[in-house]
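Respectively, the protein sequence lines represent chains A and B.
Note that the numbering used here has the first sequence beginning at 28, numbered continuously upward.
Note that the numbering used here has the second sequence beginning at 28, numbered continuously upward.
Worth double-checking, as some hints may not be accurate.
Pairs count within a copy or across copies, as identical chains cannot be separated in the list.
Said to hold, decoys possible - Using 27 Å as the maximum straight-line C-alpha spacing, the simulated DSS-like pairs for lysine-lysine come out as follows: (1) Lys269 <-> Lys338; (2) Lys79 <-> Lys308; (3) Lys145 <-> Lys168; (4) Lys59 <-> Lys145; (5) Lys80 <-> Lys45; (6) Lys29 <-> Lys418; (7) Lys189 <-> Lys80; (8) Lys58 <-> Lys356; (9) Lys142 <-> Lys168; (10) Lys147 <-> Lys168; (11) Lys79 <-> Lys425; (12) Lys79 <-> Lys45.
Because the hints were derived from the structure by calculation, they are not lab data.
2 protein chains.
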Amino acid sequence: MKIVVLKFGGTSVGSIDKIKKVAQIIGNHKKKKFKVIVVSSAMSGVTNELVKKSREISGNFSNEEYDVLLSTGEQIACSLIAGRLNHIGFKSRSWLSWQIPIITTGLHKNSRINKINKKKIIRYLNEGGIPIITGFQGINKEERITTIGRGGSDASAIMLAKFFKAKKCIIYTDVEGVYTTDPRKLTKAKKIKVISYEEMLEMASLGAKVMQPVSIQDARLNRIDIEVKSSFINKPGTLITKRSNIFNHKIITGISSTQNDSKVSLIGVRDKPGIAASIFKPLSKNSINVDMVVQNISANGKETDLTFTIKTDDLNKTTKIIRANKSIKFRKLLLKKDVAKISIIGVGMVATPGVTFRMFQTLANEKINIQVISTSEIKISVLIDKKNIKKALAALHKEFKLDN
Amino acid sequence: MKIVVLKFGGTSVGSIDKIKKVAQIIGNHKKKKFKVIVVSSAMSGVTNELVKKSREISGNFSNEEYDVLLSTGEQIACSLIAGRLNHIGFKSRSWLSWQIPIITTGLHKNSRINKINKKKIIRYLNEGGIPIITGFQGINKEERITTIGRGGSDASAIMLAKFFKAKKCIIYTDVEGVYTTDPRKLTKAKKIKVISYEEMLEMASLGAKVMQPVSIQDARLNRIDIEVKSSFINKPGTLITKRSNIFNHKIITGISSTQNDSKVSLIGVRDKPGIAASIFKPLSKNSINVDMVVQNISANGKETDLTFTIKTDDLNKTTKIIRANKSIKFRKLLLKKDVAKISIIGVGMVATPGVTFRMFQTLANEKINIQVISTSEIKISVLIDKKNIKKALAALHKEFKLDN
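Chain A with its partners taken away, still in its complex shape (with noise of 0.2 Å):
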């Protein structure tokens, strides 16, 4: 059987009109002999109206009544796109997660599928219909409704696609694909045909709006080829695959900017075994995400440098935390806002040697300072001022030759 998934994200589904459209897409798939199984996101405000009732009534809302809630966003788009389906002649029908099931482990709010039941679905299929599943959520063991955390209707259809077996999985959503870097900050942007599931990771966890890093996950540990695309648009979008389907790699893919990064740097620390561990302790227990870290070695053995990068609106949380530890000596606490971090990636540079020298010089030829450096396999990632990151963006997008 061969099926495919389609997702649809709330801008996609964002007016009774995208979702007549929505249908189109779903019927031409259809006849094109694929059975399709369908997920939507709420229509677009939808949930964040439904948010905004929730604190209203209590500025502690119940998780368990936030889930049965929020949940009705999904039910609404999925009755309307199988009800349009039904108007221009297909099979259709929603599928709540209930009904299903899709079943759900971890706490509200913040829960993970565990387990789908195809019976019905299949059999549904089978039957010639096109099944309209509700996405970012499901029910939990005592059969209430819950919602997933992190991937929201981007992690359902990746287990449905895992669960079913589907060869392929369709994410439609209002950008054409994904692109080289963002065509905000810099128009010379090319949309990427296909890109891997690692790259595509390190462009998400670096500020790729596009998909959740925790769907792309799942994605590579299944297997599934993903195929981010316009809903409004009839044009081919990014293969998101595995390396080995992909022929004539350029040396960098993409390249990742954001600028919500704040730099501290806690000057004249006393350097003993341990200090870094009890000064990120406290941050990761407040939830404190610390991304790049640089610790000089210090000239006499006593003192070090100790800088590290965090979000912005994290920032004044932080400060607090490491005043607050008596047990961190230090000089002074530097804060610096306008920073910003600059990535490139891509997994052909593990073949190439010199990347990173090609990206210093390159920033330095444009008199650019790089702060911090952190680098992975497929990834470089410097710390610059944010005011050069237009110039620098350019700079390492004509380098790389992604500007054709």
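Given chain A, put chain B in place with the hints provided.
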């Protein structure tokens, strides 16, 4: 176990502030050591908004998906009520119809509650919880969401009261109770303290919008006391109960009037057996409800005049059907839109001679001509010119001592 069922209508939960108020009301019942079962409608406006969406998707929207769509309205309201009760310190949760389950029979959009599984709710009540149950809906034996055609959430509340053997069902709404007549038409209208099921049935059938006749009938058959009261003002409402619970009957309990009736007269109909049936059968087939009927005795045994009333909305359809029916011979078709039906209702009239005479005399004194008459055991209705409606109401209200 002393159970009370509280039902909140759409206007009672029409805003976040109103839901907070409703949670207080529920909490107060709980504090009085009652086991409280709550049923809620959708927040006012929400259902209409959803219906509008379905119509924009298709002029012939799927009945199955319509029920899936509309059921979200009550789900939202129930989660917010439960969340608010949690906030103010009560153990409470939403119960969706599939979680209980509430089983319905009949067609989509027009189902009836057949069975309510009590086990989980009883256990939850015994744990001290307040279940907030979605009104207006259930699931059928195929496990699809259904909605209740007539009676809506009132019907859900009455059926819950029946299955859980509740002593009382309180219908919270936006009016203070049932009035002797519509206060918008007669400022002297008084709230009725207690009224029998039978009288309330007549009042409801004749246009009092407080409750649907079908729900009153269900309450009557199951001997469930209903109190209709305001969720905004803390005052006793109207008790609807069996006749034997009522002392000090007035002769007349209430006066109803409707203004959306039209009168149709067929003049010079060939008088033969079955003529009335041949006129009314096609109307009935087209769901046109014929209300009052009067047929003059023909003097010559050959011709008769037939007059009946229908809703004005059905007037065009009715005349088309009559003109299209070639088997009916008549000389003239007279239509009159500006008529109104005024009805006096009271179980007291059974034991009191001369009520009909007093009604006719009162209208005659006001020089109001009676066009059609229709009576039942506890009701007398007359058709009059619409322009006389206020005058007639005031005179009858006074005559039957309802002014005080």
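We went through each hint and held it up to the structure:
{"no.": "1", "hint": "Lys269 <-> Lys338", "in the structure": "neither (31 Å within a copy, 68 Å between copies)"}
{"no.": "2", "hint": "Lys79 <-> Lys308", "in the structure": "neither (33 Å within a copy, 54 Å between copies)"}
{"no.": "3", "hint": "Lys145 <-> Lys168", "in the structure": "both (17 Å within a copy, 20 Å between copies)"}
{"no.": "4", "hint": "Lys59 <-> Lys145", "in the structure": "within (23 Å within a copy, 48 Å between copies)"}
{"no.": "5", "hint": "Lys80 <-> Lys45", "in the structure": "both (25 Å within a copy, 12 Å between copies)"}
{"no.": "6", "hint": "Lys29 <-> Lys418", "in the structure": "neither (47 Å within a copy, 75 Å between copies)"}
{"no.": "7", "hint": "Lys189 <-> Lys80", "in the structure": "neither (35 Å within a copy, 33 Å between copies)"}
{"no.": "8", "hint": "Lys58 <-> Lys356", "in the structure": "neither (69 Å within a copy, 56 Å between copies)"}
{"no.": "9", "hint": "Lys142 <-> Lys168", "in the structure": "both (11 Å within a copy, 24 Å between copies)"}
{"no.": "10", "hint": "Lys147 <-> Lys168", "in the structure": "both (19 Å within a copy, 15 Å between copies)"}
{"no.": "11", "hint": "Lys79 <-> Lys425", "in the structure": "neither (44 Å within a copy, 52 Å between copies)"}
{"no.": "12", "hint": "Lys79 <-> Lys45", "in the structure": "both (24 Å within a copy, 16 Å between copies)"}
Violation of the numbered hints given earlier is confined to hints 1, 2, 6, 7, 8 and 11; the remaining hints are satisfied by the structure.
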